[in-house]
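Engineer: Can you make the complete structure from the sequences, with help from the hints?
Line order of the protein sequences matches chains R and B.
Just so we're aligned, residue 299 is where the first sequence starts under our numbering, counting upward by one.
Just so we're aligned, residue 6 is where the second sequence starts under our numbering, counting upward by one.
It should be emphasised that the hints constitute simulated quantities derived from the structure, not laboratory data.
We treat Cβ as the ideally placed atom computed from N, Cα and C, and that holds for glycine.
Check before you lean on any hint, since a few could be wrong.
Said to hold, decoys possible - Derived DSBU-like pairs: lysine-lysine, alpha-carbon spacing no greater than 35 angstroms straight-line:
{"no.": "1", "chain 1": "B", "residue 1": "LYS182", "chain 2": "R", "residue 2": "LYS461"}
{"no.": "2", "chain 1": "R", "residue 1": "LYS350", "chain 2": "R", "residue 2": "LYS541"}
{"no.": "3", "chain 1": "B", "residue 1": "LYS170", "chain 2": "R", "residue 2": "LYS545"}
{"no.": "4", "chain 1": "B", "residue 1": "LYS76", "chain 2": "R", "residue 2": "LYS545"}
{"no.": "5", "chain 1": "R", "residue 1": "LYS541", "chain 2": "B", "residue 2": "LYS317"}
{"no.": "6", "chain 1": "R", "residue 1": "LYS541", "chain 2": "R", "residue 2": "LYS520"}
{"no.": "7", "chain 1": "B", "residue 1": "LYS21", "chain 2": "R", "residue 2": "LYS461"}
{"no.": "8", "chain 1": "R", "residue 1": "LYS465", "chain 2": "B", "residue 2": "LYS201"}
{"no.": "9", "chain 1": "R", "residue 1": "LYS461", "chain 2": "B", "residue 2": "LYS265"}
{"no.": "10", "chain 1": "R", "residue 1": "LYS545", "chain 2": "B", "residue 2": "LYS22"}
{"no.": "11", "chain 1": "B", "residue 1": "LYS134", "chain 2": "R", "residue 2": "LYS322"}
{"no.": "12", "chain 1": "R", "residue 1": "LYS545", "chain 2": "B", "residue 2": "LYS228"}
{"no.": "13", "chain 1": "R", "residue 1": "LYS545", "chain 2": "B", "residue 2": "LYS19"}
{"no.": "14", "chain 1": "R", "residue 1": "LYS541", "chain 2": "R", "residue 2": "LYS330"}
{"no.": "15", "chain 1": "B", "residue 1": "LYS182", "chain 2": "R", "residue 2": "LYS541"}
{"no.": "16", "chain 1": "B", "residue 1": "LYS286", "chain 2": "R", "residue 2": "LYS461"}
{"no.": "17", "chain 1": "B", "residue 1": "LYS76", "chain 2": "R", "residue 2": "LYS541"}
{"no.": "18", "chain 1": "R", "residue 1": "LYS545", "chain 2": "B", "residue 2": "LYS182"}
{"no.": "19", "chain 1": "B", "residue 1": "LYS317", "chain 2": "B", "residue 2": "LYS76"}
{"no.": "20", "chain 1": "R", "residue 1": "LYS465", "chain 2": "R", "residue 2": "LYS513"}
{"no.": "21", "chain 1": "R", "residue 1": "LYS520", "chain 2": "B", "residue 2": "LYS182"}
{"no.": "22", "chain 1": "R", "residue 1": "LYS465", "chain 2": "B", "residue 2": "LYS301"}
{"no.": "23", "chain 1": "R", "residue 1": "LYS520", "chain 2": "B", "residue 2": "LYS293"}
{"no.": "24", "chain 1": "B", "residue 1": "LYS170", "chain 2": "R", "residue 2": "LYS465"}
{"no.": "25", "chain 1": "R", "residue 1": "LYS443", "chain 2": "B", "residue 2": "LYS231"}
{"no.": "26", "chain 1": "R", "residue 1": "LYS330", "chain 2": "B", "residue 2": "LYS286"}
{"no.": "27", "chain 1": "B", "residue 1": "LYS76", "chain 2": "R", "residue 2": "LYS520"}
{"no.": "28", "chain 1": "B", "residue 1": "LYS324", "chain 2": "R", "residue 2": "LYS541"}
{"no.": "29", "chain 1": "B", "residue 1": "LYS134", "chain 2": "R", "residue 2": "LYS541"}
{"no.": "30", "chain 1": "B", "residue 1": "LYS228", "chain 2": "R", "residue 2": "LYS443"}
{"no.": "31", "chain 1": "B", "residue 1": "LYS22", "chain 2": "R", "residue 2": "LYS520"}
{"no.": "32", "chain 1": "R", "residue 1": "LYS520", "chain 2": "B", "residue 2": "LYS231"}
{"no.": "33", "chain 1": "R", "residue 1": "LYS404", "chain 2": "B", "residue 2": "LYS201"}
{"no.": "34", "chain 1": "B", "residue 1": "LYS134", "chain 2": "R", "residue 2": "LYS461"}
{"no.": "35", "chain 1": "R", "residue 1": "LYS461", "chain 2": "B", "residue 2": "LYS76"}
{"no.": "36", "chain 1": "B", "residue 1": "LYS170", "chain 2": "R", "residue 2": "LYS330"}
To be verified - If you only want the chain B side, here are some residues facing chain R, beta carbon under 8 angstroms, derived:
{"no.": "37", "residue": "GLY133"}
{"no.": "38", "residue": "VAL135"}
{"no.": "39", "residue": "ALA143"}
{"no.": "40", "residue": "GLN192"}
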Amino acid sequence: MNIAVCIKEVPDTETRPRIHENGKELQTEGIKWIVNPYDEFAIELGLQLTEKQGGEVTIISFGPKEIEPTIRSALAMGAQKAIRIDGARTINDPLLVAKNLTNVLKNRNFDLILFGKQTIDDDNAQIAQLVAEALNLPCAAVVVKLELEDKWAVAEREIEGGKEIVKFAIPAVISCQKGLNEPRYRSLKGIMAAKKVVIEEVPAIAEPEKVQVEKLSYPPQKAAGRIVGNGAEAVPELVRLLKEEAKVI
Amino acid sequence: MAHILVVYEIRENKIKKTSLEATGLAVRLSRELGGTVSALLMGSQVNHLTSLPGEYGAQKVYLLQHPDLEKHSPDVAARLIAEIARDISATHILMGASAMGKDVMPRVAFHLNSPLAQDVITLEVQNGKVFYTRPIIAGKLLAQISLQGEYQLATIRPNVFPAEKNPRTPEIISLNKTIPTPRVQVQQTTAAEVGKLDVTEAEIIVSGGRGMQGPENWYLIEKLAKVLGAAIGASRAVVDARWREHGEQVGQTGKTVSPKLYIACGISGAIQHQAGMASSKYIVAINKDPEAPIFKLADYGVVGDVFEILPKLTEEIQKLRNQ
Chain R
299 MNIAVCIKEV PDTETRPRIH ENGKELQTEG IKWIVNPYDE FAIELGLQLT
349 EKQGGEVTII SFGPKEIEPT IRSALAMGAQ KAIRIDGART INDPLLVAKN
399 LTNVLKNRNF DLILFGKQTI DDDNAQIAQL VAEALNLPCA AVVVKLELED
449 KWAVAEREIE GGKEIVKFAI PAVISCQKGL NEPRYRSLKG IMAAKKVVIE
499 EVPAIAEPEK VQVEKLSYPP QKAAGRIVGN GAEAVPELVR LLKEEAKVI
Chain B
6 MAHILVVYEI RENKIKKTSL EATGLAVRLS RELGGTVSAL LMGSQVNHLT
56 SLPGEYGAQK VYLLQHPDLE KHSPDVAARL IAEIARDISA THILMGASAM
106 GKDVMPRVAF HLNSPLAQDV ITLEVQNGKV FYTRPIIAGK LLAQISLQGE
156 YQLATIRPNV FPAEKNPRTP EIISLNKTIP TPRVQVQQTT AAEVGKLDVT
206 EAEIIVSGGR GMQGPENWYL IEKLAKVLGA AIGASRAVVD ARWREHGEQV
256 GQTGKTVSPK LYIACGISGA IQHQAGMASS KYIVAINKDP EAPIFKLADY
306 GVVGDVFEIL PKLTEEIQKL RNQ
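Structural biologist: Rendered as structure tokens:
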């Protein structure tokens, strides 16, 4: 199987983000960068499928040269190839990112194009669907279970209060949700092999973005709360406060 | 003149509350921009669902009823929505940011070559320009954006905007469309448990962490959730330990929730968990460690043993309910 996994370099989850003085961007100094956690489920899926059925996994990512260590981190899980679209670190318009990914993905005969369900920085959750529609492929998003048989796939999608079972033909685009699998650790062998992979570089398509960030802000700080008391004795007062002060019960 | 189209989500023959919230927002937007509000209902049995959209402010209700729409297909829905939006000269398209909305609307965005603001929590109009605010980095920051495109699309976070009635008698328009062949189609939907409330839809959430000591103790959380009519949430630690299912996980790599009340039981409050629940209107923390970070975030904290506090809390709330 010929599988593409699209990944993004994002700030580590421990990051306390600071806003740049221009008010519209993240301050990137000192940030520890990682493979988007949801993308790891996608990489693991690709590796499991190619290990079982033969084939290779290609990592694709959009970003400046600085993201190469993260691409190598993805390769170190066991993927064979990588392509970097030489674009800016921050693009606010998912349509433009999707256009660039589509440009690379088309005509390469991938059986599956995999994504994480969303990136943990933009939280847009749009790219998989945008790429799928551009390539005229089925797209199953937020997948927690996948079964492939020949040219068909059955997937379980997470929805409110339950699951949806969907059926679609391959080739297809899938976005992966936690619970699909357990991403493997990078082995020393994988890390060494990743260093040797030549990352194909492709120029980015530049176009005016249809989304403008007007400003970034910190969420409103909650006023300091208080400790109502200790142990079960504090409960009646808590309930009174919730009823009379907060009015939530 | 703005023409705001609200795409309705219908599950099991019922209109989802998030669609009514979106309609209320559309009404507000139509007043600020000058314009009208239309609702779109698609499915195999929608013709009888016209009263709610009117009650919540739709001036026109477009109905697309067809047996081929019985089983949901996101790509079919998207192509139809795009086509209808063009037909009726919509300018803005709104939908709830539910699992369905977040899956369908990006596809509509592609077909209309227009931008989508996903998971919007506030919306402002200034000088005829719309500003959408959405959380990023799991809500650690807020981004205010504007959209430049032939259409402006937005999904709105459930439970944030009020569902306000604005009763009108709408014009009902039945549409006739050829239903495209689905690429992805739902075969069946399974509920986690009959009547189980999802954290993203709940007004009240009772959530448990490692302080609960083990999965066998979750009955304490379940009992409290039951008297409150609450959904049950979990920290990442207990999901990773397989005490609870991932669907309950609240946090940066779980769900982001905005209930009116979040009760954190035996949860220390790591930054990643906070990212998922910090926008709750009121937060109660119960933890035996007075230094737990969760207490800095909580409106009301109780220091102590969950095994003593939860049963007492359940009892007191039951008493309140009985009054």
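Engineer: If a hint holds in the structure, say so; if it doesn't, say that too.
Structural biologist: Quick rundown of the hints versus the structure:
Pair hint LYS182 (chain B) plus LYS461 (chain R) holds up; C-alpha atoms about 29 angstroms apart against a cutoff of 35 angstroms. A distance of roughly 58 angstroms separates the Cα atoms of LYS350 (chain R) and LYS541 (chain R); the hinted pair therefore is violated under the 35 angstroms criterion. For a cut-off of 35 angstroms, the pair hint linking LYS170 (chain B) to LYS545 (chain R) stands: about 22 angstroms separates their Cα positions. Distance hint between LYS76 (chain B) and LYS545 (chain R) is unfulfilled; the C-alpha atoms sit about 41 angstroms from each other, more than 35 angstroms.
For the hint pairing LYS541 (chain R) with LYS317 (chain B), the CA-to-CA distance comes to about 16 angstroms; that is within 35 angstroms, so the pair holds. Taking the CA atoms of LYS541 (chain R) and LYS520 (chain R), the gap is about 19 angstroms. The hint holds against a cut of 35 angstroms. Of the pairs offered as hints, the one joining LYS21 (chain B) and LYS461 (chain R) holds, with about 17 angstroms between alpha carbons and a cut-off of 35 angstroms not exceeded. A hinted pair counts as satisfied when its Cα atoms are at most 35 angstroms apart, and LYS465 (chain R) with LYS201 (chain B) qualifies at roughly 25 angstroms.
A threshold of 35 angstroms between alpha carbons decides the hint, and for LYS461 (chain R) with LYS265 (chain B) the separation of about 25 angstroms falls inside it, so the pair holds. Annotation: proposed proximity of LYS545 (chain R) to LYS22 (chain B) holds, straight-line Cα distance about 22 angstroms (limit 35 angstroms). Taken as a hint, the LYS134 (chain B) and LYS322 (chain R) pair is honoured in the structure, with Cα atoms around 18 angstroms apart against an allowance of 35 angstroms. The hinted pair formed by LYS545 (chain R) and LYS228 (chain B) meets the criterion: a straight-line CA distance of about 21 angstroms does not exceed 35 angstroms.
For the given pair, LYS545 (chain R) sits about 29 angstroms from LYS19 (chain B) by alpha-carbon distance, which is consistent with the 35 angstroms threshold. Distance hint between LYS541 (chain R) and LYS330 (chain R) is unfulfilled; the C-alpha atoms sit about 44 angstroms from each other, more than 35 angstroms. About 51 angstroms separates the Cα atoms of LYS182 (chain B) and LYS541 (chain R), which puts this hinted pair outside 35 angstroms; it is violated. Taken as a hint, the LYS286 (chain B) and LYS461 (chain R) pair is honoured in the structure, with Cα atoms around 28 angstroms apart against an allowance of 35 angstroms.
Taking the CA atoms of LYS76 (chain B) and LYS541 (chain R), the gap is near 43 angstroms; set against the 35 angstroms cutoff, the hint is violated. Annotation: proposed proximity of LYS545 (chain R) to LYS182 (chain B) is violated, straight-line Cα distance about 48 angstroms (limit 35 angstroms). The suggested pairing of LYS317 (chain B) with LYS76 (chain B) is violated, with an alpha-carbon distance near 46 angstroms, which exceeds 35 angstroms. As the CA atoms of LYS465 (chain R) and LYS513 (chain R) are separated by approximately 41 angstroms, the hinted pair breaks the 35 angstroms bound.
Our distance criterion of 35 angstroms between C-alpha atoms is broken by LYS520 (chain R) and LYS182 (chain B), whose separation comes to about 50 angstroms. Of the pairs offered as hints, the one joining LYS465 (chain R) and LYS301 (chain B) is violated, with about 46 angstroms between alpha carbons and a cut-off of 35 angstroms exceeded. Restraint check for LYS520 (chain R) and LYS293 (chain B): the C-alpha separation of about 22 angstroms stays at or below 35 angstroms, so the hint holds. Using a Cα cut-off of 35 angstroms, the hinted pair LYS170 (chain B) and LYS465 (chain R) is violated, with the two alpha carbons roughly 38 angstroms apart.
For the hint pairing LYS443 (chain R) with LYS231 (chain B), the CA-to-CA distance comes to about 30 angstroms; that is within 35 angstroms, so the pair holds. Proposed proximity of LYS330 (chain R) and LYS286 (chain B) is supported: the alpha carbons are some 31 angstroms apart, at most 35 angstroms. Distance restraint check for LYS76 (chain B) and LYS520 (chain R): the Cα-Cα separation of roughly 43 angstroms exceeds the 35 angstroms cut-off, and the hinted pair is therefore not satisfied. For the suggested pair LYS324 (chain B) and LYS541 (chain R), the alpha carbons sit about 13 angstroms apart, so the restraint of at most 35 angstroms is met.
Proposed proximity of LYS134 (chain B) and LYS541 (chain R) is contradicted: the alpha carbons are some 40 angstroms apart, above 35 angstroms. Between LYS228 (chain B) and LYS443 (chain R), the direct Cα distance comes to roughly 31 angstroms. Compliance with the 35 angstroms bound is thereby established for this hinted pair. For the hint linking LYS22 (chain B) to LYS520 (chain R), the alpha-carbon distance of about 27 angstroms falls within 35 angstroms, and the restraint holds. Restraint check: the Cα-Cα separation between LYS520 (chain R) and LYS231 (chain B) comes to about 28 angstroms, which is no more than 35 angstroms; the hinted pair holds.
Restraint check for LYS404 (chain R) and LYS201 (chain B): the C-alpha separation of about 42 angstroms exceeds 35 angstroms, so the hint is violated. With a C-alpha separation of about 39 angstroms, the suggested pair LYS134 (chain B) and LYS461 (chain R) falls outside the 35 angstroms cut-off, and the hint is violated. Our distance criterion of 35 angstroms between C-alpha atoms is met by LYS461 (chain R) and LYS76 (chain B), whose separation comes to about 14 angstroms. Between LYS170 (chain B) and LYS330 (chain R), the direct Cα distance comes to roughly 47 angstroms. Violation of the 35 angstroms bound is thereby established for this hinted pair.
Evaluation of the GLY133 (chain B) hint against chain R yields a violated restraint, the C-beta minimum of about 15 angstroms exceeding 8 angstroms. Taking 8 angstroms as the C-beta contact cut-off toward chain R, the hint placing VAL135 (chain B) at the interface is violated, the least distance being around 11 angstroms. Taken as an interface hint, ALA143 (chain B) checks out: its beta carbon lies about 6 angstroms from the nearest beta carbon of chain R, inside 8 angstroms. Here the hint on GLN192 (chain B) is kept, as its CB sits about 5 angstroms from the closest CB of chain R, short of 8 angstroms.
Hint compliance for this structure: hints 2, 4, 14, 15, 17, 18, 19, 20, 21, 22, 24, 27, 29, 33, 34, 36, 37, 38 are broken, all remaining hints hold.
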